[in-house]
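Fit chain B to the given chain X structure using the hints.
As a plain string of letters, each chain reads:
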Amino acid sequence: MAAALEVRGVNKRFGGLQALDDVNLTVEEGRIHAIIGPNGAGKSTLLNCFVGRLKPDSGTVMFHGQSLLGILPYQVNQAGVSRVFQTPEIFGDLTVLENVMIPALAHRDGIFEMNAMKPLRRETDIRKEAVDVLEDIGLQDKLDMTASSMSRGDKRRLEMAMGLVQKPKLLLLDEPTAGMSRADTNNTIEVLKHISDTRSITMIIIEHDMHVVFTLADRISVLAQGHVIVEDEPENIKGNIKVQEAYLGGAH
Amino acid sequence: MFGLSRGDAVLWLFVLLLVLAAPILLNPFPESSALAQFNAGYPDLMQRFLIFGIFAVGFNILFGLTGYLSFGHAAFLGAGSYAGVWMLKLLTINVLPAIIISTLVAGLFSLLIGYISLRRSGIYFSILTLAFAQMSFALAASVLTPITGGETGLQTALNDPRIFDAANTTGNIPAPSLFGMTMGDSHQVAVGDWLWTFNVGYYLCAFVMMIAFYIAIRIFRSPFGMMLKAIKSNNERLSYTGINPRPYTLAAFVISGMYAGLAGGLMVAMDPLAGAERMQWTASGEVVLMTILGGVGTLIGPVFGAGLIKYFENIFSKINESLLQTWFSFLPDGVSDFVVTVIYPFVGKGWHLTLGLVFMLVVIFLPGGLVGGINGLYKRIFNKSNQAN
Numbered sequence: 000m001a002a003a004l005e006v007r008g009v010n011k012r013f014g015g016l017q018a019l020d021d022v023n024l025t026v027e028e029g030r031i032h033a034i035i036g037p038n039g040a041g042k043s044t045l046l047n048c049f050v051g052r053l054k055p056d057s058g059t060v061m062f063h064g065q066s067l068l069g070i071l072p073y074q075v076n077q078a079g080v081s082r083v084f085q086t087p088e089i090f091g092d093l094t095v096l097e098n099v100m101i102p103a104l105a106h107r108d109g110i111f112e113m114n115a116m117k118p119l120r121r122e123t124d125i126r127k128e129a130v131d132v133l134e135d136i137g138l139q140d141k142l143d144m145t146a147s148s149m150s151r152g153d154k155r156r157l158e159m160a161m162g163l164v165q166k167p168k169l170l171l172l173d174e175p176t177a178g179m180s181r182a183d184t185n186n187t188i189e190v191l192k193h194i195s196d197t198r199s200i201t202m203i204i205i206e207h208d209m210h211v212v213f214t215l216a217d218r219i220s221v222l223a224q225g226h227v228i229v230e231d232e233p234e235n236i237k238g239n240i241k242v243q244e245a246y247l248g249g250a251h
Numbered sequence: 000m001f002g003l004s005r006g007d008a009v010l011w012l013f014v015l016l017l018v019l020a021a022p023i024l025l026n027p028f029p030e031s032s033a034l035a036q037f038n039a040g041y042p043d044l045m046q047r048f049l050i051f052g053i054f055a056v057g058f059n060i061l062f063g064l065t066g067y068l069s070f071g072h073a074a075f076l077g078a079g080s081y082a083g084v085w086m087l088k089l090l091t092i093n094v095l096p097a098i099i100i101s102t103l104v105a106g107l108f109s110l111l112i113g114y115i116s117l118r119r120s121g122i123y124f125s126i127l128t129l130a131f132a133q134m135s136f137a138l139a140a141s142v143l144t145p146i147t148g149g150e151t152g153l154q155t156a157l158n159d160p161r162i163f164d165a166a167n168t169t170g171n172i173p174a175p176s177l178f179g180m181t182m183g184d185s186h187q188v189a190v191g192d193w194l195w196t197f198n199v200g201y202y203l204c205a206f207v208m209m210i211a212f213y214i215a216i217r218i219f220r221s222p223f224g225m226m227l228k229a230i231k232s233n234n235e236r237l238s239y240t241g242i243n244p245r246p247y248t249l250a251a252f253v254i255s256g257m258y259a260g261l262a263g264g265l266m267v268a269m270d271p272l273a274g275a276e277r278m279q280w281t282a283s284g285e286v287v288l289m290t291i292l293g294g295v296g297t298l299i300g301p302v303f304g305a306g307l308i309k310y311f312e313n314i315f316s317k318i319n320e321s322l323l324q325t326w327f328s329f330l331p332d333g334v335s336d337f338v339v340t341v342i343y344p345f346v347g348k349g350w351h352l353t354l355g356l357v358f359m360l361v362v363i364f365l366p367g368g369l370v371g372g373i374n375g376l377y378k379r380i381f382n383k384s385n386q387a388n
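From first to last, the protein sequence lines are chains X and B.
Just so we're aligned: 133 in numbering that gives the first Met the number 0 is position 134 of the first sequence, and the numbers increase by one with no gaps anywhere.
Just so we're aligned: 234 in numbering that gives the first Met the number 0 is position 235 of the second sequence, and the numbers increase by one with no gaps anywhere.
Please keep in mind that the hints were generated in silico from the structure rather than gathered at the bench.
The beta carbon of each residue, even a glycine, is placed where N, CA and C say it ideally should be.
There's no promise every hint is true.
Computed footprint of chain X on chain B; a stretch qualifies when at least three of its residues, placed anywhere within it, have a C-beta under 8 Å from a C-beta of chain X [said to hold, decoys possible]:
id, segment
1, 116-129
2, 237-245
3, 282-290
Straight line, CA to CA, 25 Å or less: simulated SDA-like cross-link-like pairs of lysine to any residue [stated by the list, open to error]:
id, chain 1, residue 1, chain 2, residue 2
4, X, Lys141, B, Asp7
5, X, Lys54, B, Ala35
6, B, Lys231, X, Thr145
7, B, Lys348, B, Ala35
8, X, Lys117, B, Val14
9, X, Lys154, B, Lys348
The following block holds chain X by itself, in its conformation from the complex:
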């Protein structure tokens, strides 16, 4: 299978801290790839290098043959990479439907469109796309709700809808179940499974919860102190001694 994302020799240093140390990673198309590791291992730093928030000191990040380095967040998005944030990042003052229509418009019209005289309610196609995705993700009863008044779990689902409506080639999920109850976590797992089964979207999941990782991931990379110590199938990761050391503090 072809590689969707190829990360080669990525280094990132913050002052005296080597946050990322020669990271190599290949994410295959249509797979769910999990990145796990203890706190401070560099997971979020790595993710930020994919989306234009951080620029690595050296190395390459190629997405379907296009470099993701040195371009701005909205260019990364337009290249087909959507991100779901660790703490839900939504447009709190707008309605749920509007929150999903914005990325849908961005996907259709690009980074800027001067459509100041076109009534929004005539954008029936965009509206339908947004409603379809919201139905798919189970938020169809909350279309006109103000986004900020939703529960945390619903906000997270809204963010996934915002990503999905753009039909991304790659969906980045930063700890999608952080701070969720067991029930919400299971629900999120179901949603992600459903997404993966119904659409051929490559996903990268950063996650602490081992249950989530082992249920969903096709492949797992373990990051410790900025370095990928193991990359393998989930069954092989479970019994890996290096992983246990990294998590139990043996690597310190």
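Only chain B this time, still in chain X's reference frame:
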């Protein structure tokens, strides 16, 4: 209707009705009554209501939708005014070219200032716009005197070229007009003890303001308007959504700058005079007050805010001590003196004090401004009646 939803069309027609009937509605007190003092239905003031209404509606497109608080929008009003007077001097005394060119000049000027100021956001953006406006004010008052007339201001003169007009043989400076209709002309109607003044200039302002208001509604309800709201709500998220926020904010800035220029052009169409003080920071602050008072981000709020402030400025400021004394003369001597002493600081030259108190009350108790407050009240009553059912 015309691309407006039913609710918006009703709102627009409601405003149209208010504006058309304003000469009657704003003169509720008989001429000979003591309360005639509070009548606001004279052309000069009514024109101001609408002109500052346009200014505030445009400002709200920037501040209300994107949340970028400009403290320098008076610079665009001033630039529009100067451009307008120059057109009246050079081209023709017909106000149409003046109004159009004012809008365009302010648009170009705001493109320049917006391009630079929008490199920063928040307080830094506000400070940058304030700095640019104060620079413009200082330049207009000093170095640019040949263009702006310096501290005396710029006005039309007898020997202006006016290349499109026939030679002026009247010996008087011509008054601004629109295809022969002089702006200052009025038709007065007396009904009983009431006097209503229907002024040509006022109805030109009304026409322009209704178009400006219509465009503002369309912008509010467009995908573009939604993006502007998204910028206010979460600017960073928008860029991770594949949108470049910069051109959106710049477009909003230029549109609001053009509204300011339009207001400036109308001002000189009503009274062909422009001075540097029109660009001063107090003038920029005034439009911020109007917008907040009426309701930030609401469609009609800024118009009400503009009306309220101009009403205070023109009506409350005219109340003097002797007038107060006649009003309270029915009270016993000592008491009336006391009442007058208590009230006096709040009227006349003290009108700012009253305005300040009103502003504080609105900001504390009605965070959504007057219109936000009315909406809240409406919803409360509506919900209560729902519960009763």
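Do the hints match the structure? See the list:
1. 116-129: It is violated, with 0 qualifying residues against the three required.
2. 237-245: n = 7 at 8 Å, threshold three: holds.
3. 282-290: Coverage by chain X is violated here, the residue count being 0 at a Cβ distance below 8 Å.
4. X:Lys141 x B:Asp7: Holds, at about 24 Å.
5. X:Lys54 x B:Ala35: 70 Å, violated
6. B:Lys231 x X:Thr145: Holds, at about 15 Å.
7. B:Lys348 x B:Ala35: Given pair Lys348 (chain B), Ala35 (chain B) holds - Cα atoms ~20 Å apart, limit 25 Å.
8. X:Lys117 x B:Val14: 22 Å, holds
9. X:Lys154 x B:Lys348: Violated: Lys154 (chain X) and Lys348 (chain B) sit about 53 Å apart, past 25 Å.
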